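Peer 1: Letter by letter, the chains look like this.
Number of protein chains: 2
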Amino acid sequence: MSRLYGSLHSRAHRCAWMLKELNLSFEHVATNFTDGSTHTPDFLKINPNGRVPAFVSDEICLFESLAINLHLARRHPSDLSPATLVEEALVTQWSFWVVTEIEKPLLLAAANSILFDADKRNPSELKVALTKLGRPFSVLDRHLSEHAYLLGDRFTVADLNVAAVLTLARLGSLDLSEWPRLDEWLGSCLERPAAADWKTISFRVPRPETDLGMLAMFV
Amino acid sequence: MSRLYGSLHSRAHRCAWMLKELNLSFEHVATNFTDGSTHTPDFLKINPNGRVPAFVSDEICLFESLAINLHLARRHPSDLSPATLVEEALVTQWSFWVVTEIEKPLLLAAANSILFDADKRNPSELKVALTKLGRPFSVLDRHLSEHAYLLGDRFTVADLNVAAVLTLARLGSLDLSEWPRLDEWLGSCLERPAAADWKTISFRVPRPETDLGMLAMFV
Numbered sequence: 000m001s002r003l004y005g006s007l008h009s010r011a012h013r014c015a016w017m018l019k020e021l022n023l024s025f026e027h028v029a030t031n032f033t034d035g036s037t038h039t040p041d042f043l044k045i046n047p048n049g050r051v052p053a054f055v056s057d058e059i060c061l062f063e064s065l066a067i068n069l070h071l072a073r074r075h076p077s078d079l080s081p082a083t084l085v086e087e088a089l090v091t092q093w094s095f096w097v098v099t100e101i102e103k104p105l106l107l108a109a110a111n112s113i114l115f116d117a118d119k120r121n122p123s124e125l126k127v128a129l130t131k132l133g134r135p136f137s138v139l140d141r142h143l144s145e146h147a148y149l150l151g152d153r154f155t156v157a158d159l160n161v162a163a164v165l166t167l168a169r170l171g172s173l174d175l176s177e178w179p180r181l182d183e184w185l186g187s188c189l190e191r192p193a194a195a196d197w198k199t200i201s202f203r204v205p206r207p208e209t210d211l212g213m214l215a216m217f218v
Numbered sequence: 000m001s002r003l004y005g006s007l008h009s010r011a012h013r014c015a016w017m018l019k020e021l022n023l024s025f026e027h028v029a030t031n032f033t034d035g036s037t038h039t040p041d042f043l044k045i046n047p048n049g050r051v052p053a054f055v056s057d058e059i060c061l062f063e064s065l066a067i068n069l070h071l072a073r074r075h076p077s078d079l080s081p082a083t084l085v086e087e088a089l090v091t092q093w094s095f096w097v098v099t100e101i102e103k104p105l106l107l108a109a110a111n112s113i114l115f116d117a118d119k120r121n122p123s124e125l126k127v128a129l130t131k132l133g134r135p136f137s138v139l140d141r142h143l144s145e146h147a148y149l150l151g152d153r154f155t156v157a158d159l160n161v162a163a164v165l166t167l168a169r170l171g172s173l174d175l176s177e178w179p180r181l182d183e184w185l186g187s188c189l190e191r192p193a194a195a196d197w198k199t200i201s202f203r204v205p206r207p208e209t210d211l212g213m214l215a216m217f218v
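First to last, the protein sequences are chains A and B. Per numbering that gives the first Met the number 0, the very first residue in the first sequence carries number 0; after that it's consecutive. Per numbering that gives the first Met the number 0, the very first residue in the second sequence carries number 0; after that it's consecutive.
If you are wondering where the hints come from, they were derived from the structure by calculation, not from laboratory data. All figures in this text were calculated on a predicted structure; none of them were measured in a lab. There's no promise every hint is true.
Have a look at the derived ranges for each label pair, beta carbon to beta carbon [claimed, not checked]:
(1) B:GLU145 with A:ALA193: 33 to 41 Å
(2) B:SER144 with A:ARG134: 37 to 45 Å
(3) A:PHE202 with B:GLU145: 34 to 42 Å
(4) B:HIS38 with A:ALA147: 24 to 32 Å
(5) A:GLU26 with B:HIS38: 47 to 55 Å
Think of the CB as a built atom: it goes at the ideal place given N, C-alpha and C, for glycine as much as any other residue.
Can you make the complete structure from the sequences, with help from the hints?
Peer 2: Next comes the structure, spelled out in structure tokens:
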């Protein structure tokens with residue numbers, strides 16, 4: 000049986016969602032990423048980067064959450080899988096896009112709306128993050144004004160990967176009303192039964208004490 | 000004929016390298032990313048994100064440089080292409096890995112060693128960036144102590160995508176002697192004739208005036 004490593008409070012929830020969408024049975028090892036468990040010699044044999052998630056099956060040992068999901072989509076053909084080389088390129092494109100355009104500024108926004116203790120949040124940083132997010136959010140909103148889902152008329156691994164990153168927008172209670180199609184699409188994705196794990200995510204991150212520390216955390 | 004948009008001083012050099020490895024003829028449109036050319040209405044029809052590179056062929060219009068390269072590898076089978084689903088997962092994994100683990104701290108390191116004007120560089124920021132890079136550089140160095148290339152014994156799109164991001168380490172003259180296998184592998188990748196465009200890359204980036212501006216630039 001395949002194994003997914005990583006607490007569901009980590010990016011492992013992204014892969015748990017995909018595995019559940021595909022009705023695949025798997026062993027879940029809830030490795031904690033906050034207590035050193037991802038840096039033990041045994042874990043580093045599974046993922047030398049000392050991070051979760053990691054996915055291990057009979058044929059592969061893989062890290063990087065969105066790459067794991069793209070592999071599962073290809074390995075277990077379903078409606079979520081790309082059906083052609085063009086669809087394959089597009090699910091890959093959107094998966095990179097959410098990392099390069101959204102993940103880091105969204106983490107900064109979430110830090111200053113929920114992840115840092117209330118007295119450590121900085122409205123100027125939140126504003127910087129939201130300003131940066133405006134561009135990709137508008138791109139996604141316009142795209143979804145012409146297509147029900149990222150690839151057209153069905154939910155695919157592209158939607159799953161992008162929506163899984165955007166859970167942080169919900170956890171941080173970000174106001175998405177300026178992007179109504181994005182907001183509606185995200186709601187429909189995150190209400191899928193297989194996605195439900197994200198709703199229980201709750202953790203705090205200590206704010207670095209200096210500006211240089213902030214840069215080090217988010218770079 | 001397919002078209003690649005983006006000055007070779009931009010991330011478009013990554014895709015030019017791939018196209019040249021595959022001996023594919025293409026029209027190169029050297030869209031400048033520093034003078035507003037990527038934000039014209041015509042360009043936004045090609046890439047709504049207002050970024051280069053973008054790749055357009057008879058069948059697809061694609062953004063995200065590393066996704067473009069993964070698509071080219073699949074569309075035009077060669078030694079660089081993944082040969083199995085496992086190899087496909089691994090080339091995708093390493094391509095995400097270089098974005099999530101290396102690209103941003105490497106950009107911060109390069110900013111403070113070459114991209115910012117000399118009197119605007121901050122040794123503390125360089126140190127923060129190099130400290131952060133130590134972990135992924137060590138992961139890559141250890142991997143390459145057991146394998147000549149990322150997937151084993153041949154150069155693939157995984158090596159190309161990772162090395163293409165690491166050009167910034169050479170442009171910023173970062174000392175990689177602590178990671179000798181990484182250093183040697185990178186040299187061998189970047190000396191491939193198809194890669195040569197990166198050597199001419201030269202540009203400056205103005206340093207933001209405030210710490211918040213730095214965070215906004217690198218998040």
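Peer 1: Flag every earlier hint the structure violates by its number, smallest first.
Peer 2: none
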